[in-house]
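Asks: Model the full assembly from the supplied sequences, consistent with the hints where possible.
Here is what each chain is made of, one letter per residue.
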Amino acid sequence: MYEWNFEPVLRYRHLLWDGLLGTLQISATSLAIAAPLGLLFAVMQLSRLRSLQFIGTAAVYILRSTALLVLLFWFYFAFPAILRTAISPYAAAALALGIQSSGYYAELFRGGIVSIAPGQAEAGKALGLTSGQTMWSIILPQAVRRMLPVFLLTTIDLVKATSLAAMITFEELTYQATHIASQTYRPMETYAVIAAIYFVLFSSASGLTAYIERRLAVSDR
Amino acid sequence: MSQYFDLNLLMTYHTLFLRGLANTVMLTAVAMTAGLVLGLPVGLARLSASRLIRYPATVFVGLLRNTPILVQLFFFQAFAPLFLGIGNNPVFVACFAFAIYNIAYCSDIFRGGIKSIEIGQVEASRALGMNRLQQLRYIVVPQAFRRMVPAFTNRSIEVAKLTTVASAVAYGDLLYYAKLVSDIEYRPIETYTVVALLFIVVLIPFSVLAKRLERHLAASK
Chain A
1 MYEWNFEPVL
11 RYRHLLWDGL
21 LGTLQISATS
31 LAIAAPLGLL
41 FAVMQLSRLR
51 SLQFIGTAAV
61 YILRSTALLV
71 LLFWFYFAFP
81 AILRTAISPY
91 AAAALALGIQ
101 SSGYYAELFR
111 GGIVSIAPGQ
121 AEAGKALGLT
131 SGQTMWSIIL
141 PQAVRRMLPV
151 FLLTTIDLVK
161 ATSLAAMITF
171 EELTYQATHI
181 ASQTYRPMET
191 YAVIAAIYFV
201 LFSSASGLTA
211 YIERRLAVSD
221 R
Chain B
1 MSQYFDLNLL
11 MTYHTLFLRG
21 LANTVMLTAV
31 AMTAGLVLGL
41 PVGLARLSAS
51 RLIRYPATVF
61 VGLLRNTPIL
71 VQLFFFQAFA
81 PLFLGIGNNP
91 VFVACFAFAI
101 YNIAYCSDIF
111 RGGIKSIEIG
121 QVEASRALGM
131 NRLQQLRYIV
141 VPQAFRRMVP
151 AFTNRSIEVA
161 KLTTVASAVA
171 YGDLLYYAKL
181 VSDIEYRPIE
191 TYTVVALLFI
201 VVLIPFSVLA
211 KRLERHLAAS
221 K
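Chains as they are written, first to last, in this note's numbering: chain A, 1 to 221; chain B, 1 to 221.
For the record, the hints were derived by calculation from the structure and aren't laboratory data.
Positions of the beta carbon are idealized from the N, C-alpha and C atoms, including for glycine.
A few of these clues could be false.
[Said to hold, decoys possible] Straight-line Cα separation of at most 20 Å, EDC-like style, residue types lysine to aspartate or glutamate; simulated pairs:
(1) B:Lys115 <-> B:Glu214
(2) B:Lys179 <-> B:Asp6
(3) B:Lys115 <-> A:Glu213
(4) B:Lys211 <-> B:Glu158
(5) B:Lys211 <-> A:Glu107
[Said to hold, decoys possible] Pair ranges (Cβ atoms, derived):
(6) B:Gly62 <-> A:Pro118: 34 to 42 Å
(7) B:Leu47 <-> A:His179: 54 to 62 Å
(8) A:Leu21 <-> B:Gln134: 49 to 57 Å
Replies: Encoded structure:
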């Protein structure tokens, strides 16, 4: 029978802490790229200009069909070779995660904007607002409330995806786990501990999202 | 320019790329088959009135959905030799990890689809004297399945993209061989660009199809 021994793993808890901070850091940076880019693609898709519509739609389809790990490798190995300069794992991970996730954010923003009844846009027009003003002060504030739960779920997926940055040696939680596993010769305990940390993080976040969703549903009535 | 983007290199190694592509398709097929076949019983278990059946299924799905697939792969890589007596076997580790991971995700699609069937349908079938199994077999599942088709198409796309992560445990997928060729020839630009484009070309038709099915379904409601 296998004897579980977590003691060696816990001796490295400072690395677990570093890893968790790395995960949060790369998540925040990727989100700062993904959300604005996603909003841009969403607005383009809803534009009246055919050319902008096409670019927005094509971008979303291409991003939905791109494998994140391939993009991470591309930005870490191929991109510096094109630029003929080195690029840090952090920058490569932020670019790949940010660009890849922007497709999911574009979908949720588009869905949220479309869900606001067209009457609202017409009312804005009747008040003499430009389409930009209508979007900014009439539609978006209402759409944000509706989008919030999906936004949180998409962000949970983004944080989960940051674990792949370990493959290009960015020092987040999963990377530190591979390090601890090779130091302690206790891979099962190490990955069990890491899985537990992720589990607590994601299950509490999705629990919170469900709570917010219920609250919003009640106040919508 | 040929020095910069040398496609002959890819012709030289085309057997490796084809083998990688075949393994990517194989792993996706294994994961989707497992999800479609075993996701239904797990989804039904989560809807069961009996806690003895419902709780284990909820825990199973919760654990797999709230931890990253990369951590699961690393865990099973350590787990397989120690508990299942299977030596270093990347094919087994990748298939096993992706199968149970996808069963968890597909069970949620089944659960959502079944829950979306109006209670009146179940009551009507009960009034006709059908037992629980007959209700599911003839009334609920056939109607629910139609609604689940877009979700399963999306799931296939997500799984196909995610199988690249199996290269982390030395499963010979497309990305694994691309990295091999890139490291041998030091040609990151060609190899990773081609793999990224391959994914986009293969998956875009499915992305478009999934979107069409979603719209079609939304319109028929």
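Asks: Tell me, which hint numbers fail for this structure?
Replies: Checked against the structure, the only hint that fails is number 7, while the rest are satisfied.
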